[in-house]
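Student: In case you want the letters, here they are:
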Amino acid sequence: MFKSVIRLQSRLGGVITFCKVFPRHELFRNAMKYSTASAERKRFYQDVSISQGEGGLYEVNLDRRKLKTPSGKLFTVPNEALAIAVATEWDAQKDSIRFYTMHLTTLCNTALDNPTQRSKEQMISAALKFLETDTICYRVDEPPGLVELQRNEWDPVLHWIESRYNVTIGSSSSILGPEIPEGTKETFRQHLGSFSLWSLTGLEFVITQLKSLILSLGMLDRHLSVERAVLLSRLEEEYQIRRWGNVEWAHDYDMYELRARTAAGALFVHLSSESSTIKHKLMQD
Amino acid sequence: MAMASLSSPLRVCRGILKELRTIQGPSYKQSLAYNYVIDQFRKNKVTGERYCRAQQEAHHASLTYLCLLTSTRNHLALHNLYHGKGERSPEEVAGLVGLRLPTQPGGKGWEK
Numbered sequence: 001m002f003k004s005v006i007r008l009q010s011r012l013g014g015v016i017t018f019c020k021v022f023p024r025h026e027l028f029r030n031a032m033k034y035s036t037a038s039a040e041r042k043r044f045y046q047d048v049s050i051s052q053g054e055g056g057l058y059e060v061n062l063d064r065r066k067l068k069t070p071s072g073k074l075f076t077v078p079n080e081a082l083a084i085a086v087a088t089e090w091d092a093q094k095d096s097i098r099f100y101t102m103h104l105t106t107l108c109n110t111a112l113d114n115p116t117q118r119s120k121e122q123m124i125s126a127a128l129k130f131l132e133t134d135t136i137c138y139r140v141d142e143p144p145g146l147v148e149l150q151r152n153e154w155d156p157v158l159h160w161i162e163s164r165y166n167v168t169i170g171s172s173s174s175i176l177g178p179e180i181p182e183g184t185k186e187t188f189r190q191h192l193g194s195f196s197l198w199s200l201t202g203l204e205f206v207i208t209q210l211k212s213l214i215l216s217l218g219m220l221d222r223h224l225s226v227e228r229a230v231l232l233s234r235l236e237e238e239y240q241i242r243r244w245g246n247v248e249w250a251h252d253y254d255m256y257e258l259r260a261r262t263a264a265g266a267l268f269v270h271l272s273s274e275s276s277t278i279k280h281k282l283m284q285d
Numbered sequence: 001m002a003m004a005s006l007s008s009p010l011r012v013c014r015g016i017l018k019e020l021r022t023i024q025g026p027s028y029k030q031s032l033a034y035n036y037v038i039d040q041f042r043k044n045k046v047t048g049e050r051y052c053r054a055q056q057e058a059h060h061a062s063l064t065y066l067c068l069l070t071s072t073r074n075h076l077a078l079h080n081l082y083h084g085k086g087e088r089s090p091e092e093v094a095g096l097v098g099l100r101l102p103t104q105p106g107g108k109g110w111e112k
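Chains A and B, in that order, are what the protein sequence lines are. The first sequence runs 1 to 285 under UniProt numbering. The second sequence runs 1 to 112 under UniProt numbering.
The shape of chain A in the complex, shown without the other chains (with noise of 0.2 Å):
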């Protein structure tokens, strides 16, 4: 990041000369995949293809280059229909690169480098973590509308993913939460133990969009769609639009935004953890 942002200054004739110090081909290659809000890539390719390369991975080329990671690893994804969806992202950028459209790829990128060294317990505890604030779980007092709204569309959300997981969380409205009993988070914590860590970073991200991780099991599970999910997620908002009207340059926005992010989280883990066959039977007539 850092030296991005001196490549950036040097770039537009700033006065610091620190881009002295480092070497001229290592700041441009670190600039080549990095991009602050400021610094827009034009689009430099042509073609956007996939291949398969050395253990069956797939790896996405723009025009003859390889796509590389920020930190410059090659950009490798386990199946082909991730490897197509990235591509698809790449392919639909038109003058300029903006990844923060680029939601597949962000993950695939925070998947490969991890640039934060988290390792599997640390990803499953702080998602356990997450529970004791579970949105779901924090109910209101008043207005008594949004009360019953939130018992309504909550409630039975709350009761699914209890005889699902065989587990007891209930729901509080007092500040501190609800009371999360040990064997609910041990059954959680033996469920998220058989993800991957690829999938493990696409439901941490699920998480932190949707802030609850009783919504994003219920999307993963496939209990809720995306939409469903995003507009239980934003329950207080949408009944805030219902009362005093919609801005749409703030709450369409937010809203397509989250979607947008959910959806390409929960297409990650998915396609992290499939392994698909078909069987052909005979037509029998």
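None of these hints come from the bench; they were simulated from the model. Possibly wrong hints are sitting among the right ones.
What the hints assert, rightly or not - Only pairs whose alpha carbons sit at most 27 Å apart, straight line, appear in this in silico BS3-like list of lysine-lysine: (1) A:K94 / A:K129; (2) B:K43 / B:K29; (3) A:K42 / A:K120; (4) A:K185 / A:K211; (5) B:K18 / B:K43; (6) B:K45 / B:K18; (7) B:K45 / A:K42; (8) A:K42 / A:K66; (9) A:K120 / A:K73; (10) B:K45 / B:K29; (11) A:K94 / A:K120; (12) B:K85 / A:K42; (13) B:K18 / B:K29; (14) A:K120 / A:K68; (15) A:K94 / A:K185; (16) B:K18 / A:K94; (17) A:K129 / A:K185; (18) A:K94 / B:K45; (19) B:K85 / A:K94; (20) A:K42 / B:K43; (21) A:K66 / B:K29.
What the hints assert, rightly or not - Computed list of chain B residues with no C-beta within reach of chain A, every gap over 12 Å: (22) Y36; (23) R53; (24) A58; (25) L66; (26) L101; (27) P102.
Beta carbons: idealized from backbone N, C-alpha and C, even for Gly.
Once you have looked at the hints, place chain B on chain A.
Tutor: Just chain B, lined up with the frame of chain A:
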């Protein structure tokens, strides 16, 4: 396929292909994504089971991908509409209140 309800596989497939056409223009039929999507929908179309888990999973995945494509497009559209203009240059800012920036022939001291 029976009457296309809001989330029926036919509708979802058409939705995804429409999004791809918006992204990629008239040559979208040659794209990787187009062929993959059509292939997947064909493969999952027929099943002997009444409740086939793989089919449900594929349906959910297709809905998710459609949501991803539509939301990204809408988000970008709203971004360009409301937040895309960036900052005004100093000349424009001065012009807002009817002033002009002073010019210095020969450039300022630190300009190259």
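Student: None of the hints should be skipped; say for each whether it holds.
Tutor: Outcome of the hint check:
1. Between K94 (chain A) and K129 (chain A), the direct Cα distance comes to roughly 41 Å. Violation of the 27 Å bound is thereby established for this hinted pair.
2. This hinted pair checks out: K43 (chain B) and K29 (chain B) have alpha carbons roughly 18 Å apart, not beyond 27 Å.
3. A threshold of 27 Å between alpha carbons decides the hint, and for K42 (chain A) with K120 (chain A) the separation of about 36 Å lies outside it, so the pair is violated.
4. For the hint pairing K185 (chain A) with K211 (chain A), the CA-to-CA distance comes to about 18 Å; that is within 27 Å, so the pair holds.
5. At roughly 20 Å between alpha-carbon atoms, K18 (chain B) and K43 (chain B) fall within 27 Å of each other, so this suggested pair holds.
6. Restraint check for K45 (chain B) and K18 (chain B): satisfied, since their Cα atoms lie roughly 20 Å apart, inside the 27 Å limit.
7. At most 27 Å may separate the alpha-carbon atoms for a hinted pair to count; K45 (chain B) and K42 (chain A) exceed this at roughly 41 Å.
8. Pair hint K42 (chain A) plus K66 (chain A) holds up; C-alpha atoms about 17 Å apart against a cutoff of 27 Å.
9. Between the alpha carbons of K120 (chain A) and K73 (chain A) the distance comes to roughly 21 Å, so the proposed pair stays at or under 27 Å and holds.
10. With a CA separation close to 20 Å, the supplied pair K45 (chain B) and K29 (chain B) stays within the 27 Å bound.
11. Note on K94 (chain A) and K120 (chain A): the hinted pairing is violated, with a Cα-Cα distance of about 37 Å set against a maximum of 27 Å.
12. Straight-line distance between C-alpha atoms of K85 (chain B) and K42 (chain A) comes to about 17 Å, which keeps the hinted pair within the 27 Å bound.
13. Between K18 (chain B) and K29 (chain B), the direct Cα distance comes to roughly 11 Å. Compliance with the 27 Å bound is thereby established for this hinted pair.
14. A hinted pair counts as satisfied when its Cα atoms are at most 27 Å apart, and K120 (chain A) with K68 (chain A) qualifies at roughly 24 Å.
15. A threshold of 27 Å between alpha carbons decides the hint, and for K94 (chain A) with K185 (chain A) the separation of about 46 Å lies outside it, so the pair is violated.
16. Simply put, K18 (chain B) and K94 (chain A) have alpha-carbon atoms about 18 Å apart, close enough for the 27 Å limit, and the pair holds.
17. Only pairs whose Cα atoms come within 27 Å are accepted, and K129 (chain A) paired with K185 (chain A) is accepted, the gap being roughly 9 Å.
18. Distance hint between K94 (chain A) and K45 (chain B) is unfulfilled; the C-alpha atoms sit about 34 Å from each other, more than 27 Å.
19. For the given pair, K85 (chain B) sits about 17 Å from K94 (chain A) by alpha-carbon distance, which is consistent with the 27 Å threshold.
20. Among the hinted pairs, K42 (chain A) with K43 (chain B) is inconsistent with the structure: their alpha-carbon atoms are about 38 Å apart, more than 27 Å.
21. For the hint pairing K66 (chain A) with K29 (chain B), the CA-to-CA distance comes to about 24 Å; that is within 27 Å, so the pair holds.
22. Distance check on Y36 (chain B): its Cβ comes as close as 5 Å (rounded) to a Cβ of chain A, failing to clear the 12 Å threshold; non-interface status is violated.
23. A beta-carbon of chain A is positioned within 12 Å of the beta-carbon of R53 (chain B); the least distance is around 9 Å.
24. The claim that A58 (chain B) lies off the interface is violated: its Cβ sits roughly 8 Å from the closest Cβ of chain A, which falls inside the 12 Å cut-off.
25. Under the 12 Å C-beta cut-off, the non-interface status given to L66 (chain B) relative to chain A is violated; the minimum distance is some 9 Å.
26. Here L101 (chain B) stays apart from chain A, with its beta-carbon at least about 19 Å from theirs, past the 12 Å limit.
27. Residue-level check passed: P102 (chain B) sits 21 Å from the nearest beta carbon of chain A, beyond 12 Å.
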